[in-house]
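**Student:** Chains as they are written, first to last, in the numbering used here: chain W, 47 to 412; chain G, 47 to 412.
Among the clues, some could well be false.
Unchecked claim - Have a look at the derived ranges for each label pair, beta carbon to beta carbon:
hint : chain 1 : residue 1 : chain 2 : residue 2 : range
1    : G       : GLU184    : W       : ALA396    : 19 to 29 Å
2    : G       : ARG244    : W       : LYS323    : 53 to 63 Å
3    : W       : ALA154    : G       : ARG244    : 39 to 49 Å
4    : W       : LYS74     : G       : PRO270    : 30 to 40 Å
5    : W       : LYS74     : G       : GLU184    : 37 to 47 Å
6    : W       : GLY339    : G       : GLU184    : 36 to 46 Å
Since the hints were made in silico from the structure, they are not lab data.
Just so you know, even glycine gets a beta-carbon here, dropped at the ideal spot from N, CA and C.
One-letter residues, chain by chain:
Protein chains: 2
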Amino acid sequence: MDNVRLGIAGMGVMGEMHAAYLRKGDVKRVELTAVCDSDQSRLANYSDIKTFADTADMVRSGEIDALLIATPHYSHTTLGIDALEQGLHVLVEKPISVHKADCERLIAAHTNPKQVFAAMFNMRTGPAFQKIKMLVDEGHLGEIVRTNWTATHWFRPEAYYASGGWRATWKGEGGGVLLNQCPHQLDLFIWLFGMPSRVHGFCGFGARHNIEVEDQVTAYLEYPNGATGVFIAGTGEAPGTNRLEVAADAGKVVYENDRLTFTRNEVPTSTFTKTSKKMFSRPDFWNVEIPVGGVGGQHAEITQNFVDAILDGVPLTAPAEEGIKSVELANAIIYSELKGKPVDLPLDGAEYEAELQRLIDESPRS
Amino acid sequence: MDNVRLGIAGMGVMGEMHAAYLRKGDVKRVELTAVCDSDQSRLANYSDIKTFADTADMVRSGEIDALLIATPHYSHTTLGIDALEQGLHVLVEKPISVHKADCERLIAAHTNPKQVFAAMFNMRTGPAFQKIKMLVDEGHLGEIVRTNWTATHWFRPEAYYASGGWRATWKGEGGGVLLNQCPHQLDLFIWLFGMPSRVHGFCGFGARHNIEVEDQVTAYLEYPNGATGVFIAGTGEAPGTNRLEVAADAGKVVYENDRLTFTRNEVPTSTFTKTSKKMFSRPDFWNVEIPVGGVGGQHAEITQNFVDAILDGVPLTAPAEEGIKSVELANAIIYSELKGKPVDLPLDGAEYEAELQRLIDESPRS
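With the rest of the complex left out, here is chain W (with noise of 0.2 Å):
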């Protein structure tokens, strides 16, 4: 194969903006060969590619080699194991299903590894995230003590909720701030400091807008190192915060407003606090900023990479199978609101889809 045919599933804000980075040729080796949607008048733009009303028939057309697929959450399990089994490569957008259960049954269609299975976590791709991920991973922080992430920035006006039935409620999202604004902001942050083993949740559900899902979210986290975690996310407070900090071993990193900076301890705290004579004394440390400009490729680079990894075998940036562990971690914060005590991971991911069931079930907007 020389290049990939793709076909694109739901065609709303998402597929579209999927689609106009393909026709205008960001990625090589990529040919947008087929779209679909059940809703005929977003399909008028595409009268030069084949359009299909139902994702099943484009999937057994012979017109694609792989999917991405960008309909509403729920429906990507479906979807997925469709498309897998019917031998294409998919990629997925996030969150890549809406509970835990839904991700195993998605991920366990995947048996064959010549099939390339990837998720759309395009903020991967970001210059920040990038250079967090290499501190971490070469080992320049040491060991992590504490995390925090300040996620407030999604601010949304109760015309936003009002704009669409299905929007935040239990059937429509299977949640709201956690599973609809942050799974971007949840996968990095393990992707970077790796999953938490017991999550405190602290949601408000219906806090600031008249919706029935979480909209206030803070959760404390306890890492297998000691290590301790703050994620605090919502959609109710204008201008709201965008701001990471990790505590480590070997300092400090803050990345907020663009900027990202490691205040760098010449000596180690754990080797600095026991060494150090004067009770007052603390390490000194260096001001180090690290440019990260521009957003890197985004989605169009994960597309890419998706592409490379079909033809040539590259690594995933983001494989599908990791995409679990962001609805994991919303799942467990959700699950301990509602049960009022802390979630031990890993999550019973049936327990979880039988507790959303009863939300749904019993929800008058269902």
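Fit chain G to the known structure of chain W by using the hints.
**Tutor:** Leaving out everything else, chain G in the frame of chain W:
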């Protein structure tokens, strides 16, 4: 009375510091007439004034009208009660006591409104905190939505804890970073934003040092108006963070690195969210920088205010009665961790005192 005759109990680091600015004349209409310490060597520099080995003797000597208590924390209660009962005006270092029940005993001894009873919360005089107080009290912020103070700038090496057997023990200090390093931050947090109604405390006891008390703390706070808060403290991080952030209806205030910024919404969030017709709109805002040069009058200003209250009846910047709040919050955070569940305020002071006594009884360091 034209001048207040002041005595200081406890001539350690803090007592010496108070004596120094008093002798320099930084406080008007006060005279340092006596000092007291059980360690005679600490009195050598004060041969020009009366010196005592026992505070009870100084209190009854007729040499002082007012007492400044700068002794180890546990003794604040007994010394304060005695001085109040003997009719003296009292200024007590922070924390006013180690646990809530002791605070109540101390405050109960203040029955005569003509006696001035103040606490050394000198950080209330800081220009940044004065400005934030003004922003809150004058309504510039509107309703508070979320508070966050990360106070992990209190790094201490092992040498600090090894310097005194009483340090960082339940018996010697009644706690760790919350009782020794953070009383000012806790006081300011409450002074500015009020008491939470529920506290979820997560403490690591000796997480980063060879000590038995808390040196790593995260607390999740719920306020009566539905606001949420996070307070993070520790002595194990270097360089650590000292950052106060407040999200409110009118915008966001951040105080960090001696800069006070107010991101002010042109329209309050609560109005905008209801009136905006656009799905992805958010309030326009102004970036406001509030000058906060210098550190304010600090200890000398609090002592001057104490003297002025005695002589002229001016209102106190920090009435001792308010000192119970930061102790109660510190106690509640520790108690929540010990019990593994949230603590509703007000805290039961007797219950906590019994718990603290159990910790003391069971400690090998007592």
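**Student:** If a hint holds in the structure, say so; if it does not, say that too.
**Tutor:** Hints and how they fare:
no.	hint	result
1	G:GLU184 to W:ALA396: 19 to 29 Å	54 Å, violated
2	G:ARG244 to W:LYS323: 53 to 63 Å	43 Å, violated
3	W:ALA154 to G:ARG244: 39 to 49 Å	41 Å, holds
4	W:LYS74 to G:PRO270: 30 to 40 Å	58 Å, violated
5	W:LYS74 to G:GLU184: 37 to 47 Å	59 Å, violated
6	W:GLY339 to G:GLU184: 36 to 46 Å	41 Å, holds
Hints 1, 2, 4, 5 from the earlier list are contradicted by this structure; the remaining hints agree with it.
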